[in-house]
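Novice: Okay, here's what each chain looks like letter by letter:
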Amino acid sequence: SQQGEEDPQALSIQEGENATMNCSYKTSINNLQWYRQNSGRGLVHLILIRSNEREKHSGRLRVTLDTSKKSSSLLITASRAADTASYFCATDAGGGSEKLVFGKGTKLTVNP
Amino acid sequence: NAGVTQTPKFQVLKTGQSMTLQCAQDMNHEYMSWYRQDPGMGLRLIHYSVGAGITDQGEVPNGYNVSRSTTEDFPLRLLSAAPSQTSVYFCASSYSSDRGHTEAFFGQGTRLTVV
Numbered sequence: 019s020q021q022g023e024e025d026p027q028a029l030s031i032q033e034g035e036n037a038t039m040n041c042s043y044k045t046s047i048n049n050l051q052w053y054r055q056n057s058g059r060g061l062v063h064l065i066l067i068r069s070n071e072r073e074k075h076s077g078r079l080r081v082t083l084d085t086s087k088k089s090s091s092l093l094i095t096a097s098r099a100a101d102t103a104s105y106f107c108a109t110d111a112g113g114g115s116e117k118l119v120f121g122k123g124t125k126l127t128v129n130p
Numbered sequence: 005n006a007g008v009t010q011t012p013k014f015q016v017l018k019t020g021q022s023m024t025l026q027c028a029q030d031m032n033h034e035y036m037s038w039y040r041q042d043p044g045m046g047l048r049l050i051h052y053s054v055g056a057g058i059t060d061q062g063e064v065p066n067g068y069n070v071s072r073s074t075t076e077d078f079p080l081r082l083l084s085a086a087p088s089q090t091s092v093y094f095c096a097s098s099y100s101s102d103r104g105h106t107e108a109f110f111g112q113g114t115r116l117t118v119v
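These protein sequence lines map, in sequence, to chains A and B. Numbers given in our numbering equal positions in the first sequence, counted from 1, plus 18. Numbers given in our numbering equal positions in the second sequence, counted from 1, plus 4.
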């Protein structure tokens, strides 16, 4: 089964609002990553957070990681219509496994 | 620097036909992988490789074969296509170490329809 599960499955907000997406995973990890996918395109890397980090920022993105709860959140501040996309978290499967596995994603719609 | 190149972009197969999806990367990444993406299912790992000559199964390997004869190339073979293999396929590559994976780079995808 997939390692990560994003929540919510879909999110619709107005431009200028903040968008928060969550990811829960099952086993211990080395890193957690967030990716973005525009409709019909490949995935693009957004940010990587290591297991010994708790928070990371990149532009309008803020990622937190709580290894005790096996969860992460992605916050997009001051959203724009161009942020409309699907967002996925990805983790090493842990336990010595080398696999990189993805969740089912959150579909974000930002309305102008 | 081309990154990850995946071909073809679109393919229609008849049930029972075989084909190979090509994937090449020019970043000298050890780790390469194939995923399929179906509506509502996210990306599911089919097969992966941690280096030339080494491959392993992912979550949904049945009906697919892979090989890794060079660092650059990681082809995915459909042995006998079935309608259940209709999907969008993505190839990806990244560095992998005991500290985990770095940023993965994706190809543009192959939209496969099996009729």
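Worth double-checking, as some hints may not be accurate.
Quick partial rundown of chain B residues pointing at chain A, CB under 8 Å, derived from the structure [as the list claims (entries may be wrong)]: (1) Pro12; (2) Phe14; (3) Asp42; (4) Pro43; (5) Gly104; (6) Phe110; (7) Leu116.
Just so you have them, the derived chain B footprint on chain A, three or more residues with Cβ under 8 Å [to be verified]: (8) 45-58; (9) 87-100; (10) 117-128.
Just so you know, these hints were derived from the structure itself, not from any lab. In this text, a Cβ means the ideal position worked out from N, Cα and C, and glycines have one as well.
Novice: If a hint holds in the structure, say so; if it doesn't, say that too.
Specialist: These are the hints, each one checked on the structure:
1. Pro12: It is violated, given that the least Cβ distance between B:Pro12 and chain A is near 15 Å, above 8 Å.
2. Phe14: This interface hint is violated because 11 Å lies over the 8 Å limit.
3. Asp42: Status violated, d = 10 Å.
4. Pro43: violated (10 Å)
5. Gly104: holds (3 Å)
6. Phe110: holds (4 Å)
7. Leu116: Violated: closest Cβ of chain A sits about 14 Å from B:Leu116, beyond 8 Å.
8. 45-58: Answer holds; 6 residues pass the 8 Å Cβ test.
9. 87-100: violated (count 0)
10. 117-128: This one holds; 7 residues, not fewer than the three required, reach chain B with a Cβ under 8 Å.
In this structure, the earlier hints numbered 1, 2, 3, 4, 7, 9 are contradicted, and the remaining ones agree with it.
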